[in-house]
Every structure is written in structure tokens, then in C-alpha cells.
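Participant: For the record, the sequence lines run as chains R and V.
Counting from 0, one number per residue, gives the positions in the first sequence under numbering that gives the first Met the number 0.
Counting from 0, one number per residue, gives the positions in the second sequence under numbering that gives the first Met the number 0.
Hints in this document: simulated from the structure, not taken from any laboratory.
Just to be clear, a hint being listed does not mean it is correct.
To be verified - Now the stretches of chain R that chain V is said to cover, found in silico as 3 or more residues with beta-carbon under 8 Å: (1) 106-119; (2) 219-232; (3) 260-270.
Unchecked claim - The calculated SDA-like cross-link candidates involving lysine to any residue, where the alpha carbons are at most 20 Å apart (straight line), are: (4) V:Lys348 / R:Lys219; (5) V:Lys348 / V:Gly325; (6) V:Lys348 / V:Gly41; (7) V:Lys348 / V:Lys53; (8) R:Lys219 / V:Arg17; (9) R:Lys219 / V:Gln318; (10) V:Lys53 / V:Val229; (11) R:Lys219 / R:Phe308; (12) V:Lys348 / R:Leu116; (13) V:Lys348 / V:Ser9; (14) V:Lys348 / R:Val136; (15) V:Lys348 / R:Asp114; (16) R:Lys219 / V:Arg322; (17) R:Lys219 / V:Gly277; (18) R:Lys219 / R:Phe84; (19) V:Lys348 / R:Glu312.
Backbone N, C-alpha and C fix where the C-beta goes; we use that ideal spot for every residue, glycine too.
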Amino acid sequence: MLPSPNLENVALLGQIAVKSSTAVLLAALGEIVAERSGVLNLGLEGMLLLGALAGFAAGTATGNPGVALCAAALAGTLAGLVHAFFTVGLGANQVLSGLALTFLGAGLTGVLGRDLLGAPGLVLAPVPIAVLAQIPVLGAALFTQPLPTYLALALAPLLWWTLGHTRLGLIIRACGENASAAHAAGVPVRLVRYGCTCFGGALAGLGGAFLSLSYTPGWKEGLSAGQGWIAIAMVVFALWDPLRALGGALLFGALIAAQFAMQTESANWAPVWILRAMPYLLPIVVLALIFPGSRRRRYIGPPADLGRFFHPEG
Amino acid sequence: MISLRLAIESRDSSPLMRAVLSVLLALVAAGFLGSLAFALAGGEVSATWRALIKGALGSGYSLSEILLKAAPLTLTGLAVALCRHLNLWNIGAEGQFVFGALSACAVGLSMPPGWPAYLGLPLALAAAIAGGAAYSLGPALLKARLGVSEILSTLLLNYVALLFMEHLYFGPWRDPLGMGFPGTAELPQAVWLPALFGSRVHWGLPLALGLSGAVWLLLARTRWGFSARVLGLSPQAAAYAGFSSVSLTVTAMCLSGALAGLAGAGELLGVQHRLQDGLASGLGFTGIIVAFLARQNPLAVPLAALFLGGLLVGADQLQTELRLPGAVIATLQAALLFGFMLGEFLAGKRLRLKISASGNDHAS
């Protein structure tokens with residue numbers, strides 16, 4: 000319980016919770032699409048950093064939010080392309096390639112971003128949405144946010160619908176569940192996987208740009224601070240479902256807001272390290288609890304062909 | 000019309016050929032990407048490489064620093080390599096490293112003053128082995144009993160361990176006399192790993208070398224190792240032969256955790272002598288690169304560990320001498336991995352120039 004539960008406080012905490020969920024949500028949504036097509040990408044942390052630096056550099060150079068976000072998405076896409084080239088093209092191990100991408104993102108951004116350390120740059124301020132922003136509490140939480148947050152909130156239901164209820168979604172899921180069958184049905188499996196991995200990269204890049212342009216404005220080395228790993232955990236927690244990822248990300252945001260509240264109220268109703276460890280622990284619990292060995296697991300567990308290389312000639 | 004075409008074809012190459020080619024290509028790629036990173040960092044490429052090599056091999060001190068780094072890297076590399084023989088991924092060496100160190104630290108902190116080293120040190124090492132093994136027991140049971148991916152569970156538990164360690168040295172274990180400095184008090188000398196020949200290198204190194212031999216023996220020369228490798232190559236064959244995948248998986252992952260836990264104890268008891276920030280500096284993750292460069296061969300792991308140790312020490316020198324960012328090392332590590340994967344691919348292929356004399360090439 001909050002010591003001073005007035006509306007203003009609740010609204011502020013709601014705003015923090017929703018805002019804090021943005022980068023994790025964007026990266027997790029992209030990863031869900033990639034994994035649903037059969038490609039596991041453990042390189043999210045690296046892609047967040049690449050997007051963060053590209054977005055910040057482009058934003059500082061041009062002062063244009065659109066250009067900044069495009070640059071971040073492009074950087075993420077390129078990183079996704081590298082991962083897809085190695086895993087989908089060459090058949091390299093997906094775990095190894097993802098880890099390599101993590102190292103690459105940390106290394107390249109550390110080297111390239113040296114001159115931008117601590118430099119002032121573009122900041123994406125919250126954009127209140129007319130009328131809606133006036134609603135008490137909800138207005139602040141949902142309708143007074145920076146652009147990438149709106150994007151993330153809108154993408155979750157959109158991707159849920161696309162994956163679950165469209166032909167494109169069916170094609171993507173077929174590639175992840177049974178690549179050989181999809182190939183036999185005429186689906187260009189490798190092309191789909193390339194596309195989904197790059198799309199995942201683009202979203203992670205945008206998530207990174209949100210971090211460097213809005214969440215903690217400015218560039219510093221390793222500014223993603225583990226949010227990429229949390230996004231990977233979020234995909235598991237959400238059982239590969241975009242809408243559940245939205246819920247999970249908001250829960251993560253609420254944990255951040257709770258830590259913030261504890262700091263400002265100098266209260267101590269839970270050890271901080273446990274709050275911070277929750278995003279890593281809960282997904283393991285979820286994995287352990289989803290009906291192990293039962294038939295239902297096939298419908299809500301990981302895609303059957305996740306991590307498996309596919310080559311049309313066998 | 001004559002057309003020329005480069006084709007990539009599969010070929011069967013010997014395992015030795017594959018090994019040599021993939022490792023060579025990893026080095027070439029690291030050289031190339033590393034040069035690129037040096038150029039981007041604003042240095043002169045050849046001078047930077049010279050500084051890196053000189054930093055790593057230039058003095059007796061730097062050589063001993065390499066040996067110092069090679070000990071934990073050998074252990075975490077073995078931890079990853081052992082699991083790969085069963086087709087399991089242990090990406091949690093970092094977390095098991097931390098838990099090994101925590102357990103050894105708990106022994107050291109609770110030891111009554113005046114205990115002799117012949118009791119204290121073995122107890123601390125045993126605690127580290129137990130701590131590392133216990134920390135991978137959860138993912139092992141989840142994998143063996145419920146089929147939960149050990150890739151995700153071991154990966155995620157790394158961060159739980161790191162947060163828990165931070166909590167301990169910022170909180171309950173903080174040195175009351177440390178003037179607010181986050182870290183435990185210095186551990187009693189009874190649990191220190193003695194140094195070798197008056198250098199900073201400690202007994203963790205011969206221990207790691209001995210264990211690489213032991214892991215090789217275990218895998219290549221024992222019944223357990225045979226069953227484990229069968230399970231890794233074909234779970235169906237293992238089931239048909241009556242090998243228990245549950246017990247093999249659990250023992251392998253616990254052994255793996257114990258190795259990583261020992262690495263953590265080595266850093267704590269041999270180098271830092273107190274639990275503090277910087278104890279876990281990615282040696283667990285780097286173990287993955289070590290294991291792959293050694294191509295999962297336990298006897299080759301120490302060599303790969305020496306190489307990566309040299310890279311770490313050399314890159315440290317680049318930071319202090321040429322003021323290059325520390326991130327250069329991560330770029331080199333990425334280059335090694337990408338180069339390794341490219342080498343693995345190319346080792347199984349050959350390039351052939353195809354000359355065809357027809358004007359109608361579309362049919363092919």
C-alpha cells in the first residue's frame with residue numbers, strides 16, 4: 000500500500016509504470032514475431048544498444064524525431080539481418096549467433112558512442128492526446144506518453160491479431176511450428192524467417208531509441224541495463240502471445256514504479272533485489288507451471304521448430 | 000554464350016579439417032572486425048594491434064596476468080563444453096560462478112579466527128562446488144523432468160544471482176568497518192588460495208588444468224561419459240540402450256555448475272579476497288566462447304582460455320595506453336564468434352567456378 004494514496008500520486012505512478020514498460024514491450028513483441036517464425040534471437044540486449052545509439056546520434060544530428068526513430072529501426076533491422084544471415088542463411092547455431100550479437104552491440108556502441116557520452120541531444124517529450132489526456136489517472140498513465148510508448152501499446156493488439164487471425168500470421172506460425180510442412184505448402188520459409196528476424200530487430204531498435212531519447216535521455220555505455228534480457232524473459236512469460244506480453248510488460252513497469260514509490264516514500268515493504276529479480280524469476284515459474292507433459296502445452300508452449308535450422312534441400 | 004558462376008557445394012571434410020578451418024577463420028574474422036573496430040575508435044590499426052600484442056605478451060607481469068585470467072576461463076569453458084556433449088546449453092555459468100563465490104564467501108565470513116588453512120580452504124572450495132552445483136540443479140531438474148528449456152532458465156538465473164550478490168555486499172554482508180564501501184570484509188587467510196611462485200597466479204590454475212584432464216577422462220573413458228555422449232547424439236538411441244536421460248542430464252548440469260562455481264571461488268579466494276563489485280565480470284559468458292573455440296574438447300579448453308585471457312589482458316592495456324574504450328574487447332569477442340560460425344559453415348563447403356556454355360541458364 001502506498002502511504003499517501005492520493006490521485007495525483009497514483010496517476011504519476013501509472014504514468015511511470017506504462018512508460019517503463021515501453022522498451023521491454025517493443026523488444027519482446029519483435030522477439031515474439033521472430034520466435035513464432037522459428038528464430039530465437041538472444042541478441043536483444045545488443046540490438047537495444049545499437050538502436051539507442053543510432054537513434055540518439057541521428058536525433059542529435061538532425062533534431063528530427065522521425066529521422067531518429069527511423070535510424071534506430073534501421074540499425075535494429077541491420078542487426079537482425081546479421082543474425083538471420085548466420086542462422087537462417089548459414090545454419091549457424093541460434094544461441095551462439097544471438098550471444099555474438101549481444102557482444103557486437105555492446106562492443107560497437109561502446110566504440111562508436113565514445114564522443115557522444117554525456118552529450119545533450121534530442122529528447123522525446125510526452126505528447127498528450129487531446130481530451131483523452133484529461134481523464135483522471137488513466138489520462139496521465141495512457142495518454143500522456145512519448146511516441147514510442149503509443150507505438151508499443153498499439154502494436155501489441157495489432158500483432159496479436161496479425162499472428163492469430165490473418166493469413167500472414169498463419170504463414171509465420173507455420174514456419175515456426177513445422178518448417179518442412181510449411182515448405183511443402185509452398186511457403187518460402189527462409190524468406191519469412193529473414194523478414195521476421197529483421198522485423199524483430201527493427202522493434203528492438205525502436206525500443207533502444209526510446210531508452211536514449213525518452214526514458215533516460217542521453218547516451219551512455221550499456222544504457223539498456225539488462226532490459227534486453229528482460230524482454231527475452233517476457234516472451235517466455237507471455238507464452239509467445241503479444242497481448243500477454245502487453246500484460247507482462249505492464250507488470251514489469253509496475254515493478255519499476257513500485258521501486259520508485261519506495262524510494263520517494265523511503266518505505267521498505269519488499270527487498271529491492273527481489274523486486275528487481277522478479278522479471279527473471281517469474282518466467283521460469285511460468286515455464287515450469289504450464290501443464291508440463293500435457294497436450295495443451297503444444298498450443299501455448301514454445302513453437303515446435305524454434306531454434307531449428309531449415310534448408311529446403313534437407 | 001559462356002557464363003561463369005560461383006557455386007557453393009557441400010562436401011564431406013574430416014573433423015580435423017573442420018576444426019582447423021573454423022578456428023582459423025574465427026581468428027581471421029576477429030582480425031578483420033577487430034581492425035575495423037580499432038579504425039572506428041580512431042586509432043592507427045597496425046599500431047593498435049602491436050600495442051595489444053605487446054600489452055599481452057610484453058612483460059612477465061602481463062604473462063602472469065594471462066595465466067590469472069586463464070584459470071577461471073578454463074573452468075567456465077569446461078562447464079559449457081561438458082554440457083554441449085549432451086546437447087545441453089549452460090548459459091548460466093555466470094550465475095553459477097557467482098553462487099560458487101557466494102558459498103565460499105559464506106564459509107570464509109563465518110569461520111572462527113585461528114582456523115588452519117588445511118581445514119578452511121577445502122571447506123570453502125567444497126562449499127563453492129556445492130553452491131555452483133545447487134544453482135544449476137533447478138534448471139537441470141526443470142529440463143530433465145518437465146522439458147523446460149535450459150537455455151532460458153540458465154540464462155535468466157544469471158541476473159538473479161548477480162542481483163542477490165549485490166544485495167549481499169551492499170546489505171547484510173557489507174564490511175562494518177568498510178567506511179560505507181560496498182563489499183565484505185577481507186576473508187581470513189585460512190581460506191585464501193595460495194599464490195604460485197610469489198606471483199599473482201594462484202593454485203586455481205593447476206586445479207583448472209587438472210580438471211580439464213579429468214573432464215576429458217570422464218567423457219572419453221568412462222561408462223557415464225559414453226552414455227552422456229550417446230544421449231547428446233541421439234536421445235532415441237540412449238533411451239533404447241536404457242540410459243536414464245534424467246540422471247545423465249542432472250549430473251551433467253550439476254557438474255557443469257560445480258566447475259563454474261569453482262571458477263568463482265578461485266576469483267574470490269585467489270584474487271579478490273573479498274566479495275565486491277567487479278567479481279563477476281563476464282567470465283562465465285566468455286566461457287561460452289572458450290568452449291566453442293576449443294570445439295568442446297576439454298583438453299583444448301585451456302589453450303582457448305589462454306588465448307582469450309591474452310585478449311582480455313591485451314585489451315586492458317589498450318584502455319590504459321591508447322585510451323581506447325573497454326568495449327573494444329566485446330567487439331573482438333563478437334568477431335571471434337561470428338568468424339567461428341562462418342568457419343563452421345565454410346569448412347563443410349567448397350567454392351567452385353562453374354562454366355556453362357549454354358545461353359539458357361534459367362533451367363538450372
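Participant: All hints are to be evaluated individually against the structure, with a verdict given for each.
Facilitator: How the hints compare with the structure:
| no. | hint | in the structure |
| --- | --- | --- |
| 1 | 106-119 | holds (count 7) |
| 2 | 219-232 | holds (count 5) |
| 3 | 260-270 | violated (count 1) |
| 4 | V:Lys348 / R:Lys219 | violated (42 Å) |
| 5 | V:Lys348 / V:Gly325 | violated (36 Å) |
| 6 | V:Lys348 / V:Gly41 | violated (37 Å) |
| 7 | V:Lys348 / V:Lys53 | violated (37 Å) |
| 8 | R:Lys219 / V:Arg17 | violated (41 Å) |
| 9 | R:Lys219 / V:Gln318 | holds (17 Å) |
| 10 | V:Lys53 / V:Val229 | violated (45 Å) |
| 11 | R:Lys219 / R:Phe308 | violated (36 Å) |
| 12 | V:Lys348 / R:Leu116 | violated (44 Å) |
| 13 | V:Lys348 / V:Ser9 | holds (4 Å) |
| 14 | V:Lys348 / R:Val136 | violated (62 Å) |
| 15 | V:Lys348 / R:Asp114 | violated (42 Å) |
| 16 | R:Lys219 / V:Arg322 | holds (17 Å) |
| 17 | R:Lys219 / V:Gly277 | holds (19 Å) |
| 18 | R:Lys219 / R:Phe84 | violated (29 Å) |
| 19 | V:Lys348 / R:Glu312 | holds (15 Å) |
Going down the numbered hints, you'll see the structure goes against 3, 4, 5, 6, 7, 8, 10, 11, 12, 14, 15, 18, while the others check out.
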